[in-house]
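Asker: Generate coordinates for the entire structure from the input sequences, incorporating the hints supplied.
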Amino acid sequence: MATTIQPLPDEQNARLQSQYAMTLAQKRRQMLLGSIIVVLLVFIAAFGAEVDPHKFVTNFWKFPRYFFDMTPHIGLSTFYEDVTEWYWGLGKWLKLMAETLLIAYVGTVTGAVIAFVLAFFASNSMAVSGWSKFAARRFLEFCRTVPDIVFALMFVVSFGLGPFPGVLALAIHTSGALGKLFSEVIDNIDMKPVEGLRASGASWSQQVRFAAVPQVLSNFTSYTLLRFEINVRGAAVMGFVGAGGIGQLLIEYVRKFYYVDVGAVLIIIILTVMMIDYGTEKIRHRLIAKEGMS
Amino acid sequence: MNNRSSSQTSLRDRFPELGEMRERYAEAFIGNRRDEVKAYLLIAALISLYVFGLYYVGFTPMMLINGFGKFGIVVKAMMPPDPGSWDNAIVFMRGVIETLAMAFFGTVCAAFLALPFGFLAARNIVANSVIHHAVRRLLDIIRGIDTLIWALIWVGVVGLGPFAGVLAIITSDFGAFGKLFSEAIEAADQKPVEGIVASGGSRLESIRFGIIPQILPVLLGQVLYFFESNTRTTTIIGIVGAGGIGLYLTETIRTYLWEETSFIIMLVLITVAAIDLISSKLRVAIIGSRPV
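Same order as they appear, the protein sequences are chains A and B.
First residue of the first sequence: 0, per numbering that gives the first Met the number 0; consecutive thereafter.
First residue of the second sequence: 0, per numbering that gives the first Met the number 0; consecutive thereafter.
Hint data in this document are derived by calculation from the structure and do not stem from the laboratory.
Since the structure is predicted, the reported quantities are computational estimates derived from the model, not experimental observations.
One or more hints might be untrue.
Said to hold, decoys possible - Computed from the model, here is a short list of chain B residues facing chain A with C-beta under 7 Å:
#1 Gly66
#2 Phe103
#3 Phe104
#4 Asp145
#5 Arg231
In this text, a Cβ means the ideal position worked out from N, Cα and C, and glycines have one as well.
Answerer: Structure below.
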């Protein structure tokens with residue numbers, strides 16, 4: 000059966016066409032207006048941030064040069080000797096990198112434990128009282144809004160130089176960041192088990208333990224692993240303010256213009272970060288797969 | 000895992016026939032027990048690493064008490080937040096504005112620079128696996144370096160000042176955006192593209208009309224989100240001399256001008272909260288209330 004499409008009557012067609020043109024024009028106008036605003040803001044921002052194309056162009060050659068300076072001369076025939084000379088401080092650097100990872104680990108775990116406790120108080124579904132919910136939320140907000148390195152700066156003053164202020168700073172910032180994510184997870188749990196337990200006379204802690212925790216644990220682990228990745232990066236720069244880890248050495252080398260050493264240390268940091276990212280991603284995928292099965 | 004073991008103990012009390020069941024379905028129980036042992040070993044390892052870490056960083060309860068005691072004095076010295084003088088207040092405000100300008104300019108530039116690389120790194124756009132793998136590894140390396148380290152490098156290139164900070168933000172966001180954009184592009188529905196190709200559109204047209212309309216709201220949402228997070232990052236970038244309020248923050252902390260420190264922190268908190276509010280409103284307006 001052949002079907003023919005009846006053309007619309009001219010009058011109706013014209014109306015539709017004009018409506019279409021109008022909608023299109025309005026959309027275009029909106030787009031244009033939005034673009035103009037963004038461009039204007041960009042120019043204002045460029046002015047405020049002292050963006051200087053001239054300086055950029057005249058100095059840009061220094062950027063590749065910087066990386067060129069970071070790589071030592073490595074000859075093919077003397078490859079092994081050159082590399083070992085480049086990595087003269089490998090033992091020291093690896094030890095500091097391990098310290099960095101340890102700072103990140105202890106900071107993440109401490110922060111996650113604090114977040115775990117506070118998240119239940121801060122959530123809508125499991126909160127004990129309005130007052131404690133408010134207090135927990137404001138506290139978490141404060142912890143995550145102040146950047147970890149600012150905490151580190153202040154803790155270095157009160158705890159002295161060394162890795163401990165770094166751990167503490169990461170822990171506090173982590174508790175704020177994870178606390179928010181955790182409480183959102185708790186808000187999304189299935190409330191039926193909680194209600195069931197409450198109906199059979201379970202206390203609040205029992206409701207949390209047997210109804211909420213089993214539902215949220217894999218999500219919590221996943222978020223904690225993600226935070227660990229972030230904290231490894233954060234711990235690597237904690238040393239900039241004297242809070243331990245490899246950053247201390249890095250900033251020293253940069254300030255003394257030991258380019259080759261900067262390159263060597265940067266490569267160690269990048270490789271470690273990539274390895275950690277890869278490992279945690281693997282674990283997270285397994286967690287998600289498990290979640291899907293059950 | 001804990002849950003399972005405790006429910007088993009309570010089960011054992013209530014169901015005496017559990018022993019018989021255990022004998023009959025031995026393999027099912029052994030599987031469980033092996034998983035349990037593994038889990039406990041893992042937890043034990045994690046805890047011992049944690050304890051070792053605490054020991055390594057020199058944690059003692061006494062130190063915690065002493066440190067927080069000193070920190071309490073610092074906090075007390077911070078009250079009330081006070082810029083010292085009007086001149087200082089104006090200097091700090093300008094620092095905050097500079098910070099915002101750096102964050103905004105950096106985010107927008109990074110987004111524009113990263114867009115083509117996002118396409119290059121997407122599997123469904125560039126079929127050549129060498130190219131997209133190379134681009135992805137490049138992005139990985141860029142992301143592996145923290146913004147503060149980039150700032151340190153750029154300070155060496157263009158000298159001290161906010162411009163170095165802007166370049167640092169552009170560089171590190173470039174890596175992040177490239178990855179996120181390529182993921183968004185890969186997640187795009189292929190049917191519109193096929194439709195356009197089938198009706199005779201060119202490759203470029205299929206991207207322009209098939210993919211861009213799908214990913215634009217997602218991309219805008221991500222850019223806004225990064226603008227938020229960049230306002231936080233730029234407040235600290237001054238620690239290495241790359242402009243913004245962080246410079247004053249470090250200076251006041253190092254010279255123990257605690258009332259000024261708390262004034263700056265307060266200023267930063269208010270600014271960040273305001274930016275969060277504006278950007279979440281904008282995000283909802285652009286993409287609705289779906290998560291980024």
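Asker: Would you pick out the hints that fail for this structure and give their numbers low to high?
Answerer: Violated hints: none; all satisfied.
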